[in-house]
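Line order of the protein sequences matches chains A and B. Anchor point for the first sequence: position 113 equals 113 in the UniProt record's numbering, and the numbering is continuous, going up by one each time. Anchor point for the second sequence: position 146 equals 146 in the UniProt record's numbering, and the numbering is continuous, going up by one each time.
Since the hints were made in silico from the structure, they are not lab data. Accuracy of the hints is not assured; some may be wrong.
Intra- or inter-copy, both count: the list cannot distinguish identical chains.
Unchecked claim - Straight-line C-alpha distance at most 30 Å; calculated DSSO-like pairs for lysine-lysine:
id, residue 1, residue 2
1, Lys361, Lys345
2, Lys441, Lys56
3, Lys342, Lys218
4, Lys56, Lys450
5, Lys220, Lys85
6, Lys56, Lys264
7, Lys220, Lys450
8, Lys450, Lys218
9, Lys345, Lys450
10, Lys450, Lys361
If you want the building blocks of each chain, they are given just below.
Number of protein chains: 2
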Amino acid sequence: MQGFLNGCANAIGADHVVTDEALMLPFLTDYRQRFTGRALAVVKPSTTEEVAAIVKLCNLHHVPLVPQGGNTGLVLGSIPDESGKAIVLSLNRLNRIRELDAANNTLTAEAGCILDHIHSAATDAERLFPLSLPSSGTCTIGGNLSANAGGTAVLRYGTARELCLGLEVVTGEGGIWNGLRGLRKDNTGYDLRDLFIGAEGTLGVMTAAVLKLYPLPKAKLTAIAAMTTPDKALDLLNIAQRYCGTSLTAFELVSRYAMELVLKHFPALSAPLPLTYGQYALIELSDSESEDHAADMLETFLEYAIEEDVIRDAAVAQSIAQSQSMWQLRENISAAQAMEGKNIKHDIALPTSSVSDFIAKTDQLLQAHFPGCRMVTFGHLGDGSLHYNVSAPPGVPVEAFMDCTPEINRIVYDSVASFNGTISAEHGLGALKREELVRYKPPIEIDMMKRIKAAFDPNHVMNPGKILI
Amino acid sequence: MQGFLNGCANAIGADHVVTDEALMLPFLTDYRQRFTGRALAVVKPSTTEEVAAIVKLCNLHHVPLVPQGGNTGLVLGSIPDESGKAIVLSLNRLNRIRELDAANNTLTAEAGCILDHIHSAATDAERLFPLSLPSSGTCTIGGNLSANAGGTAVLRYGTARELCLGLEVVTGEGGIWNGLRGLRKDNTGYDLRDLFIGAEGTLGVMTAAVLKLYPLPKAKLTAIAAMTTPDKALDLLNIAQRYCGTSLTAFELVSRYAMELVLKHFPALSAPLPLTYGQYALIELSDSESEDHAADMLETFLEYAIEEDVIRDAAVAQSIAQSQSMWQLRENISAAQAMEGKNIKHDIALPTSSVSDFIAKTDQLLQAHFPGCRMVTFGHLGDGSLHYNVSAPPGVPVEAFMDCTPEINRIVYDSVASFNGTISAEHGLGALKREELVRYKPPIEIDMMKRIKAAFDPNHVMNPGKILI
Numbered sequence: 001m002q003g004f005l006n007g008c009a010n011a012i013g014a015d016h017v018v019t020d021e022a023l024m025l026p027f028l029t030d031y032r033q034r035f036t037g038r039a040l041a042v043v044k045p046s047t048t049e050e051v052a053a054i055v056k057l058c059n060l061h062h063v064p065l066v067p068q069g070g071n072t073g074l075v076l077g078s079i080p081d082e083s084g085k086a087i088v089l090s091l092n093r094l095n096r097i098r099e100l101d102a103a104n105n106t107l108t109a110e111a112g113c114i115l116d117h118i119h120s121a122a123t124d125a126e127r128l129f130p131l132s133l134p135s136s137g138t139c140t141i142g143g144n145l146s147a148n149a150g151g152t153a154v155l156r157y158g159t160a161r162e163l164c165l166g167l168e169v170v171t172g173e174g175g176i177w178n179g180l181r182g183l184r185k186d187n188t189g190y191d192l193r194d195l196f197i198g199a200e201g202t203l204g205v206m207t208a209a210v211l212k213l214y215p216l217p218k219a220k221l222t223a224i225a226a227m228t229t230p231d232k233a234l235d236l237l238n239i240a241q242r243y244c245g246t247s248l249t250a251f252e253l254v255s256r257y258a259m260e261l262v263l264k265h266f267p268a269l270s271a272p273l274p275l276t277y278g279q280y281a282l283i284e285l286s287d288s289e290s291e292d293h294a295a296d297m298l299e300t301f302l303e304y305a306i307e308e309d310v311i312r313d314a315a316v317a318q319s320i321a322q323s324q325s326m327w328q329l330r331e332n333i334s335a336a337q338a339m340e341g342k343n344i345k346h347d348i349a350l351p352t353s354s355v356s357d358f359i360a361k362t363d364q365l366l367q368a369h370f371p372g373c374r375m376v377t378f379g380h381l382g383d384g385s386l387h388y389n390v391s392a393p394p395g396v397p398v399e400a401f402m403d404c405t406p407e408i409n410r411i412v413y414d415s416v417a418s419f420n421g422t423i424s425a426e427h428g429l430g431a432l433k434r435e436e437l438v439r440y441k442p443p444i445e446i447d448m449m450k451r452i453k454a455a456f457d458p459n460h461v462m463n464p465g466k467i468l469i
Numbered sequence: 001m002q003g004f005l006n007g008c009a010n011a012i013g014a015d016h017v018v019t020d021e022a023l024m025l026p027f028l029t030d031y032r033q034r035f036t037g038r039a040l041a042v043v044k045p046s047t048t049e050e051v052a053a054i055v056k057l058c059n060l061h062h063v064p065l066v067p068q069g070g071n072t073g074l075v076l077g078s079i080p081d082e083s084g085k086a087i088v089l090s091l092n093r094l095n096r097i098r099e100l101d102a103a104n105n106t107l108t109a110e111a112g113c114i115l116d117h118i119h120s121a122a123t124d125a126e127r128l129f130p131l132s133l134p135s136s137g138t139c140t141i142g143g144n145l146s147a148n149a150g151g152t153a154v155l156r157y158g159t160a161r162e163l164c165l166g167l168e169v170v171t172g173e174g175g176i177w178n179g180l181r182g183l184r185k186d187n188t189g190y191d192l193r194d195l196f197i198g199a200e201g202t203l204g205v206m207t208a209a210v211l212k213l214y215p216l217p218k219a220k221l222t223a224i225a226a227m228t229t230p231d232k233a234l235d236l237l238n239i240a241q242r243y244c245g246t247s248l249t250a251f252e253l254v255s256r257y258a259m260e261l262v263l264k265h266f267p268a269l270s271a272p273l274p275l276t277y278g279q280y281a282l283i284e285l286s287d288s289e290s291e292d293h294a295a296d297m298l299e300t301f302l303e304y305a306i307e308e309d310v311i312r313d314a315a316v317a318q319s320i321a322q323s324q325s326m327w328q329l330r331e332n333i334s335a336a337q338a339m340e341g342k343n344i345k346h347d348i349a350l351p352t353s354s355v356s357d358f359i360a361k362t363d364q365l366l367q368a369h370f371p372g373c374r375m376v377t378f379g380h381l382g383d384g385s386l387h388y389n390v391s392a393p394p395g396v397p398v399e400a401f402m403d404c405t406p407e408i409n410r411i412v413y414d415s416v417a418s419f420n421g422t423i424s425a426e427h428g429l430g431a432l433k434r435e436e437l438v439r440y441k442p443p444i445e446i447d448m449m450k451r452i453k454a455a456f457d458p459n460h461v462m463n464p465g466k467i468l469i
């Protein structure tokens, strides 16, 4: 392998081929610290041409590569396995914003650009890049696109896929494809862009992307509403969509237990409504007119929802500070769960019309098998997307409960499948869910994926073992 | 071939295997009546299973098939070549709306459903299916998706691609893939859906789709504004987006000559503004609140645009009838062109920031080579998408001018390429532009397309000669 490593050093400079175990460690351990893989080296090119040179070397020497951005993925997609045969291809040095075309509402960023930097560049040009994720200070746009990230603004603006107009990709054999088109319409052949998006680095390495920008809204308003059950939250969603159209930019569900966990572990935060209701909805409106207009719209539909007995109470943020603290209640759920101890997580989505029935049925099934287990249910209800997490019953040791993961996964995923849902709404498959994929996808779909994989990565070097077994 | 035809008759009934030349003719001639191909038969299955049976027979007997919906395509994509070796696979009998899930805002339609029938079903459920095309009384959703149709509502709702959540497809070898998922988020592997969308029937046969619905807007308002030049129209677009956000649902450019042509050939229509300006913009707002709210918004930004000298005049429709006649001015441009005589058409798109420079530069190039030629320039300016059509100079015989098509195409497409635009914004490639594709796409992109084609259609039966040579 020394010949390969020398080749890498010649191509991009010895300083950027890291083989020191301690220096490699952060690149080998996943975000949730569940797994540490091994690698031949961490290789850090700084240009598209350098990426192409490394991919060619990998093909020549049959060395697998694992593309990595901010390494914030949740499905073990951006770290290598324990064989130690692969390299990590870090895109962090490809971090330039190449162009901002305000009149075309586009920004061209390299794969290693941190999401928050893209937000800032857009804001400086009085534009909005709407992708909104808790990890935005660390995650990179290449990773966001490779995983087709979701987040809290999907209801209005779509997933990462829908925010991308064009790509530059180093192919599985080390060619460079310049597909950096900033066009809203382009019907010239097969949609290669959307094939690379969401492929988790198994078909090629994204090196840059043309992203869609939007006008900055003139006002943003946040509110929290309380209701008894998830079906009431769905009724509220329907009313909100009718009254507010696309001004509705976020609609998040938070169960009471999720809210309690945040308040327990983040004592500086306070609940804007009494903790006596079953469910809470966090609502955001963005308005192109004025704050007054948005406030009128928000108050009108909340009043209507109270009159119709859809919600029991509501609080509208009266300041930016209040709005931020409402959002912190939502954004700190994951951290609060971690502080409380491990639980069994599911990143699922359903037709919105089935969310309520799914929760009722699945909660019941889980209680029947694991009496007293506690549900941390929250997520992007507007998209039918839920984080449906199961915590140990009071008194049951966490580690013993975690051993039930396979059984609990089976109950949850079988239920998801019975409602035509998905077992990965926004995190992807990585190495974590590739076996589940085979269970829940029809064989013909797996077969088509394998044909694409074989066509694009004939030498089996691109992030092997991810998505497909 | 009698064995093959008998097999088809056994699979779907002899009545649905048409070999009579006169009965086949409408299926063999393209929408613009430029070309008539030949076929072994027109085969009309009525279920997904029947489609699969036919595709299997085609594989077995090495008979190419040409999927066809409403046959309204503009690039010779849905008719066979003159060899007479292929069958036309008509999807017209797969025309059921299988499901409408109002709470999930989805509708599941079979490929042969006529677009207007889908509009009606959505409206009956107080929902909007926004795809808006002049051929909506004839075209089918399968064709719309296969060509990734655009139209006048893309600015707000996206192309056909963005309106589809899931597909059912008969693969190139006759398998059935049920990908009819009604999910807003689903990150479980490669994006097969978007690969079939826009593939013009060269990778598989779509048999059904899950479509996105939207709340019906409470009000729709139409206006026409007049300006001197296309760059002023782009300034107006920018103002409209700032003032109206997503309420702006259409922004169409119509050049004076295009307007004059419509008024000449449709004398019942009248111009809402004097014909003394260079360019006109047709604007539509959709509002989730009220007609008054939309009217305020529209008048405010038009007044601002007049004050800022962006536009010279504007007329707001005061009734549904007025609104319809404004739209008829736009929608009859194609018909008016046909009545005036043939011209050389280009379906292009550019970054919106380059549209004005493109028009100025390309108009000048064309005038230099073909003095006096007349430009019928119109289209979906909000998406950077133009119908950029060239008519003969006064006094030059149309047929002589049409002989200059290759030279004029070269000037236009080279100019498009120099601005990073596309030579097919919304009509696709079909058999008409496949040679151009090779000229303007990088070889690495063509190579990736060919790999996909080989992986999905190993026996070369799926709509051969379309998109790829």
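Okay, the hints, checked on the actual structure:
Taking the shortest alpha-carbon separations for Lys361 and Lys345, only the intra-copy value of 17 Å comes in at or below 30 Å, while the best inter-copy value is 57 Å. For a Cα distance limit of 30 Å, the shortest separation of Lys441 from Lys56 across copies, 23 Å, qualifies, whereas the shortest one inside one copy, 33 Å, does not. In this assembly of identical chains, Lys342 and Lys218 lie within 30 Å of each other by CA distance neither inside one copy nor across copies; the values are 41 Å within and 48 Å between. Proximity of Lys56 and Lys450 under a CA criterion of 30 Å is satisfied in both settings, with 22 Å inside one chain copy and 21 Å between copies.
With identical chains, the CA atoms of Lys220 and Lys85 are never at most 30 Å apart, being 49 Å at best within one copy and 61 Å at best between copies. Taking the shortest alpha-carbon separations for Lys56 and Lys264, neither the intra-copy value of 52 Å nor the inter-copy value of 62 Å comes in at or below 30 Å. Taking the shortest alpha-carbon separations for Lys220 and Lys450, neither the intra-copy value of 45 Å nor the inter-copy value of 47 Å comes in at or below 30 Å. In this homomeric assembly, Lys450 and Lys218 never come within 30 Å of each other (Cα to Cα): the closest approach is 47 Å inside a single copy and 47 Å across copies.
Proximity of Lys345 to Lys450 under the C-alpha cut-off of 30 Å is restricted to the intra-copy arrangement: shortest distance 28 Å within a copy versus 40 Å between copies. In this homomeric assembly, Lys450 and Lys361 never come within 30 Å of each other (Cα to Cα): the closest approach is 34 Å inside a single copy and 47 Å across copies.
The structure does not agree with the numbered hints 3, 5, 6, 7, 8, 10 stated previously, though it agrees with the rest.
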